[in-house]
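Chemist: What follows is the residue order along each chain.
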Amino acid sequence: MIFTYDLFINALIAGVMLGGFYVAVTIGISIAFGILDIVNIAHVAFIILGAYIAYILNSLYGLDPILASIIMLPVFYALGVAVYQVYYVSFEKRGQEALRGLAFFFGLLFITEVGLILVFGVDYRYVQAPYIGPSFRLGDADFPLRMLVPCVIALIMFGLLQVFLSKTFTGRAIMAVSQDPLALRLMSVDPIRIKRIAFGISVATAAVAGALLIIIQPVEPSVGREFIGRVFAIAVLGGLGSLPGTVIGAMLLGIMESFTATFYGPSWAPAVAFGFLLLTLAFRPQGILGR
Amino acid sequence: MALLEVQKVGKRFGGFVALESIDLQVREGERLGLIGPNGSGKSTLVNCICGTLTNETGTVLFQGSDLNGLPAYKRTRLGIARSFQLPRPFMSLSVAENIRIPLLFTVHAREGVKRSHADLHDRCDDLLRMVGLQDKAEARPIDLTQVDLRKLELARAMGAEPKLLIADEAMAGLSHSEIDDILKLLVRLNEQGITVIMIEHIMSAVMSFSQRLAVLVSGRKIADGEPQEVVRNPEVVRAYLGQ
Amino acid sequence: MRWSTFIIIALAIGAVLFGTMRWFGNEYYFFAGYVVLQYVVLATAWNILGGYAGYVNFGSAAFFAAGAYSTIALYKIVPLPIPVLIVVGGLVSGLIGFATGYLTLRLRGVFFAIATLALAVVLQTLIINWDFVGGSRGAYILRPNEIVILGSYIQYLFLMMLLLAIVAVSAARLIERSWLGYGLAAIRDDEFAAEASGVPTLRMKLIATTVSGAFMGMAGAPFPYIISFVDPASTFNLAYAVNAIAMPMIGGTTTWIGPVIGAILLGVIQQVATVTISSAVNLLIVGLVLVAFVIIAPNGIVGLFQSWFGRRVR
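Going down the list, the sequences are from chains A, B and C.
The opening residue of the first sequence carries number 218 in our numbering; numbering runs sequentially from there.
The opening residue of the second sequence carries number 6 in our numbering; numbering runs sequentially from there.
The opening residue of the third sequence carries number 49 in our numbering; numbering runs sequentially from there.
Since the hints were made in silico from the structure, they are not lab data.
Heads up, the beta-carbon is just placed ideally off N, CA and C, and yes, glycines get one too.
One or more of the hints may lead you astray.
For the chain C half of the interface with chain A, some residues (derived, Cβ under 7 angstroms), not all of them [what the hints assert, rightly or not]:
#1 Ile-189
#2 Pro-192
#3 Leu-331
#4 Leu-332
#5 Leu-338
#6 Ala-345
According to the in silico footprint, chain A covers these stretches of chain C (three or more CB under 8 angstroms from chain A) [unchecked claim]:
#7 97-108
#8 153-164
#9 173-183
#10 281-293
Some residues of chain C that are not near chain B, with every Cβ distance over 12 angstroms (derived) [said to hold, decoys possible]:
#11 Thr-53
#12 Leu-65
#13 Gly-73
#14 Ala-147
#15 Tyr-230
Here chain A stands alone, though its shape is the one from the complex:
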């Protein structure tokens, strides 16, 4: 293990940019699980779906993946609404969300992955875009654009959501719905409708996250599974229900993974996230900024 200033700086920068991307991947879970208490483990499947759709639009029409994902936002939002409706009617209403709800999302995750294998096969797919390839240098530091652009987009998305959740009426209703549905009803706001909107938004973020993913790395159907643990690790580490906590958790994890990959080898990187998740659950389950 050679430790040089050069390697260190670049590992740190790569970690931060990776962390930024992880924010995009996790924010959907922060909303679904942290705020709505819905354990949507199929979220990563939606992300991979988003990646593949970006791939199709990119290879067929040469559309920029980020642009493609923005176009797909309403579609994914509708998907989220539909999934929540099924989830609510089948499980939440009957009070069976613990076992059956989890199995439901697991089934969705599974169906999506296998479906993608059937349609696209197990070859890696990637997109073409002008910012994949070139890097931006600042002294010793190297900023590959294919990491920088997703990081920036992710943080913009986070910023927009944070503003939405804290400044708009619907946004604040979403924050309130998990803590005090009765109060919402008294204001003649239907908590179910609010949850539906929130879950729709949660899945919509997957469209963007998927596009960012396929910009950063080539994608094949089982890639999603590596992210399940990461996503929940970040959400738990940062503190459930806290979006700013998600950013902190994501950055921490990104930096840790980057250092592990640089100094110990990339095959150990997945274990970092999961190891951290287990430790967090064991010793500080409320996370850093948790409720």
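Please build the complex by placing chains B and C on the supplied structure of chain A, with the hints as guidance.
Modeler: Relative to the frame of chain A, chains B and C by itself:
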């Protein structure tokens, strides 16, 4: 020595102070009524006593021993039982099986001596008769009426053969005759030597049942003493009874 | 029915099954039968924690693989007889189950489920980086061709798995009807109320997790011998994770016979499908059926029978 001693117990949820330095003593065999507006911390106090929540400050002593750090099931085995405000029966088990759970896990665990199957069956039968559910032994909770669910809830608490029974709003939403049923049941239990803390909003029941009355408002105890005096206390009238 | 009677009947059925298959003499049936029985064990094991206690384990593949890789690790040192390997696999996986439970069962069930997801990946990463057991390249096991009395080694493996399945199902039935089963049911229905009734919830969940993990490891222990080549991809296969959940949920989670029905039904269908259609389509169907059952028939096939014939769910 008091059976139960709550000393300066405090509990917060984030920034919200649910209980602030509560002092309470319950003598053996006593019938204590605990009243207060919704959200005043009554259920939180019960949870802290029973161990389902951990109080941040203060101590709970039962028969002189400190309950700090003891998980809820151990407190039940020591002799504290509670019924839940909203009945929480084990939905996949029958009425009889519901009562058998505390018998299996508290009574049998407590004595150390292995009781026989027949003994278990007999005790279960007795409890069913005590609450009048003997004909519904094989029924499922989902088929029971509200008052039967309350009775099951109390029977299950009694299944732990406690020294102290905390009845958390066992009569809410019931009709006059149903309230009478539950009240008679609680009095009978007390006559058998069980200390009872009754948490209720139904003032007629509380007044006729309690030997002593304590009032919680916004997490603090504002009155504690003879029921007739407490209800005349101006602060109590202002905070609670005037509603 | 007493426990001893049940085991005798199960052994009798097993003997008839084995005898019939030997009479047919087709080696492939033994191989397919092994896979189905393996799923019976996995589904039954999963259900002890998932169905009885209500705690979902998404990382069945991890426990299964721990058993398989214990066998490989031991094989590299000194090859041992299958029954010993099964016991070792059970101990290793039981320990992992205990450790995972100890770390996470104090929290809500959801966190345990997430931890099991994490566990599968951690373990897989560890194995991939552990060259002694072959790492990502995999490891070979030389399967003996013959064994005394029975002749074919595959038939021997089948017999071992058959006995393991009988033990697992008997154990599940025993647990279900014992005080442990009642306690787990109370925990599943309402953990708070269970604890308030004197049930030592943490201890019982730990027992269930350990037993469940142990049986999964036992199912995995003979695996290297039946397929001869083991690598992380085949051992941590998604099929194990989804089947371990789908089979009990489709069969019915409240009683021991649900996982058996689910495993035999889905196992046989999948064996047929893998040969006729692709294995990916076959897994897709499993996923679809799982989701359909979870939504429409939450108590599985057993639940459907009971509602048709009006008997209790438990």
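Chemist: All hints are to be evaluated individually against the structure, with a verdict given for each.
Modeler: To see whether the hints hold, each was checked on the structure:
no. : hint    : result
1   : Ile-189 : violated, 24 angstroms
2   : Pro-192 : violated, 34 angstroms
3   : Leu-331 : holds, 5 angstroms
4   : Leu-332 : holds, 4 angstroms
5   : Leu-338 : holds, 4 angstroms
6   : Ala-345 : violated, 11 angstroms
7   : 97-108  : holds (count 4)
8   : 153-164 : holds (count 7)
9   : 173-183 : holds (count 4)
10  : 281-293 : holds (count 3)
11  : Thr-53  : holds, 18 angstroms
12  : Leu-65  : holds, 33 angstroms
13  : Gly-73  : holds, 46 angstroms
14  : Ala-147 : holds, 21 angstroms
15  : Tyr-230 : violated, 6 angstroms
Figure legend: structure checked against the earlier numbered hints; hints not met, in rising order: 1, 2, 6, 15.
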